[in-house]
Amino acid sequence: MEHRITDDIDRLKEIWPPAIVATLDKLGRHDMLLEVVLDLGRVPMARYLDGNHPLSDHEITHEELEYVVSRIAMFDADNRGGIERTLHRISAIRNRRGDVVGLTCRVGRAVYGTIDIIEDIIQSKQSVLLLGPPGVGKTTMLRETARVLGASRRVVIVDTSNEIGGDGDVPHPAIGNSRRMQVAQPTLQHEVMIEAVENHNPETIIIDEIGRELEAQAARTIAERGVQLIGTAHGNTLENILRNPTLSDLVGGVESVTLSDEEARRRGTQKTVLERRAPPTFDVLIEIQARDRMVIHNDVGAAVDSQLRGRPLPVEVRWRDENGAIHKEMIIPETTLVPERNHAREVVDLRASGGNGKRHKAERHEHRDHDESIAVTKNGSREHAAVAAPPKPRSMPLENTLALAMEDSDPDHTQPLPLPQQLKNRQIKIYAYGVARNRLTEAAERLNVPIHLVDDLRGADVLVTVKTYYRQRPKLIVDAERRNVAIHVLRANTANQVENFLADLFGIDLNTHVDPFAEAMEETRQAIDKIRDGAVYYVDLRPQSPHIRRRQHELIRDENLVSKSYGTEPFRHVRVLRNEQPI
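Position 269 of the sequence shown, counting from 1, maps to 269 under the working numbering, and the rest follow consecutively.
By construction, these hints were calculated from the structure, which means they are not laboratory data.
Every residue gets a Cβ at the ideal spot worked out from N, C-alpha and C, and that includes glycine.
Heads up, a few of these hints could be off.
As the list claims (entries may be wrong) - Estimated spans, in silico, between C-beta atoms of each pair:
{"#": "1", "residue 1": "Ala290", "residue 2": "Glu84", "range": "27 to 33 Å"}
{"#": "2", "residue 1": "Ala302", "residue 2": "Thr61", "range": "53 to 59 Å"}
{"#": "3", "residue 1": "Arg293", "residue 2": "Asp540", "range": "50 to 56 Å"}
{"#": "4", "residue 1": "Ala19", "residue 2": "Ala184", "range": "32 to 38 Å"}
{"#": "5", "residue 1": "Asn438", "residue 2": "Arg557", "range": "25 to 31 Å"}
{"#": "6", "residue 1": "Arg225", "residue 2": "Ala19", "range": "40 to 46 Å"}
{"#": "7", "residue 1": "His547", "residue 2": "Thr246", "range": "42 to 48 Å"}
{"#": "8", "residue 1": "Glu442", "residue 2": "Arg225", "range": "46 to 52 Å"}
{"#": "9", "residue 1": "Glu255", "residue 2": "Ala19", "range": "53 to 59 Å"}
{"#": "10", "residue 1": "Ile9", "residue 2": "Asp39", "range": "17 to 23 Å"}
{"#": "11", "residue 1": "Lys26", "residue 2": "Val170", "range": "30 to 36 Å"}
{"#": "12", "residue 1": "Gln123", "residue 2": "Asp292", "range": "17 to 23 Å"}
Put together the whole structure using the sequences plus the hints.
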């Protein structure tokens with residue numbers, strides 16, 4: 001699509017003092033001019049896309065401000081004015097007496113062809129929210145959207161500040177055949193939005209700058225009536241909208257939910273989690289990162305759900321290169337929202353010599369939320385499992401109550417330390433001190449890792465406790481350090497912290513960890529296929545926990561085959577047989 005720009009900048013020059021116009025003409029580059037700022041007692045400033053430039057050596061006076069104000073239409077309740085049948089916007093700054101002491105003269109442009117990068121989404125009849133910081137071009141794209149859709153649909157624009165259709169009663173040609181409804185006061189925008197639906201039978205409603213709670217509620221009402229809604233809001237990312245209590249309803253809103261014990265165990269989360277409150281008002285959200293680069297969330301509901309769980313879905317990125325070609329790719333966005341699963345940890349290596357312990361703090365790894373667990377290891381023949389590196393590593397000191405002398409460890413260490421060689425390929429014996437044994441057992445089953453809970457510290461490979469007990473320095477903790485038993489200190493006795501501890505211990509990345517039940521059942525199905533094909537007489541499956549083996553036996557029995565269990569825990573496994581003849 002051919003790109004064409006109209007700005008009517010000569011009409012804007014007519015309202016400025018001659019000295020300022022002369023300097024602007026001398027500078028040229030009108031196509032790069034964003035706005036001109038006139039503040040009382042300061043030099044006038046031209047703001048270009050690539051920087052600012054002063055327009056005079058002398059300071060702006062009351063007379064020069066009055067010169068500009070007298071040549072434009074009256075300011076509205078939101079202190080915005082304009083020039084009839086243009087897209088320029090003049091905004092006023094007033095003192096406490098109501099006198100104008102500053103003006104922002106923004107150049108309005110009709111840029112034809114700007115929505116070709118997202119035209120397929122606009123034409124899909126889905127409701128679309130354009131998100132971006134001020135000045136990135138949201139209103140320009142909205143205006144072009146109105147022109148393109150107005151050629152084939154009934155489009156009504158709710159133009160609160162006359163920025164889309166221009167100042168005056170006759171709208172600017174840039175909106176094409178779309179109709180424009182003006183708003184008397186900004187606080188009445190939500191009423192005009194509802195009026196547009198009820199009185200003018202639109203197929204599409206276009207709204208600029210949804211910023212108030214009543215407007216967000218009106219937008220939901222419109223979307224639920226089957227009308228396509230295309231609007232803009234200030235913000236950089238979907239996460240900004242989720243954190244904004246006023247606008248979060250546009251994407252479904254967020255609320256705290258208490259899960260049942262069974263559901264919390266199934267998810268492997270705390271009982272209280274954040275969830276989406278309602279269906280989103282908008283189907284698609286587009287983050288405008290630059291004028292020619294956009295990030296697209298094609299399913300807002302699914303995107304919000306995944307963000308709240310700390311596992312954001314891939315998003316589509318589209319950009320236009322210098323030759324005008326449009327490119328697309330899929331990426332995984334970053335998020336700093338608190339996910340359901342507590343992943344943040346801090347690892348400390350305790351190296352003791354004699355009776356004095358000298359402790360070294362490992363690099364901060366994998367900051368996934370604000371709860372942290374601390375893995376503490378006594379030096380000896382054992383090493384300890386560390387954690388994966390984060391998107392943005394950062395260091396955080398431990399509490400002074402631990403009374404540890406900290407020193408930084410090797411800053412280049414970013415990979416998880418392996419499980420100690422002598423502990424590989426066998427059960428890990430764990431002594432639980434103040435940590436629920438049933439949570440350890442359930443977490444081990446979910447992760448499919450071999451552990452054995454012992455009652456005697458002398459037979460333990462690892463002691464796990466919580467910060468409260470570790471701070472008290474009981475005799476058992478001191479004995480464990482003297483015996484060079486690895487000590488892992490958790491923030492709290494929760495299912496999440498316990499699961500993270502086992503993931504650290506066995507070097508499992510929870511972000512990529514495959515569901516052991518699904519993996520085991522898939523292995524069983526593949527073994528059944530091998531038996532049916534006649535390629536082998538029997539297949540030994542990998543060792544699994546008792547409840548998974550039970551489901552494997554059921555699946556094999558449903559396929560009219562035979563299965564038996566062999567071995568001892570934790571290496572007991574299922575064998576799939578063609579018949580009952582012993583092997």
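The hints, checked one at a time:
1. Ala290 - Glu84: 27 to 33 Å: holds, 32 Å
2. Ala302 - Thr61: 53 to 59 Å: Given about 57 Å between the Cβ atoms, the range holds.
3. Arg293 - Asp540: 50 to 56 Å: holds, 53 Å
4. Ala19 - Ala184: 32 to 38 Å: Since the Cβ atoms of Ala19 and Ala184 sit about 37 Å apart, the hinted range of 32 to 38 Å holds.
5. Asn438 - Arg557: 25 to 31 Å: holds, 29 Å
6. Arg225 - Ala19: 40 to 46 Å: Roughly 54 Å apart at Cβ, these two residues miss the hinted range, so it is violated.
7. His547 - Thr246: 42 to 48 Å: Holds: the Cβ-Cβ distance is about 47 Å, inside 42 to 48 Å.
8. Glu442 - Arg225: 46 to 52 Å: At 47 Å between Cβs, range holds.
9. Glu255 - Ala19: 53 to 59 Å: 57 Å Cβ-Cβ, so the 53 to 59 Å window holds.
10. Ile9 - Asp39: 17 to 23 Å: holds, 21 Å
11. Lys26 - Val170: 30 to 36 Å: Roughly 34 Å apart at Cβ, these two residues keep to the hinted range, so it holds.
12. Gln123 - Asp292: 17 to 23 Å: holds, 20 Å
The structure fails hint 6 only (numbered hints given earlier).
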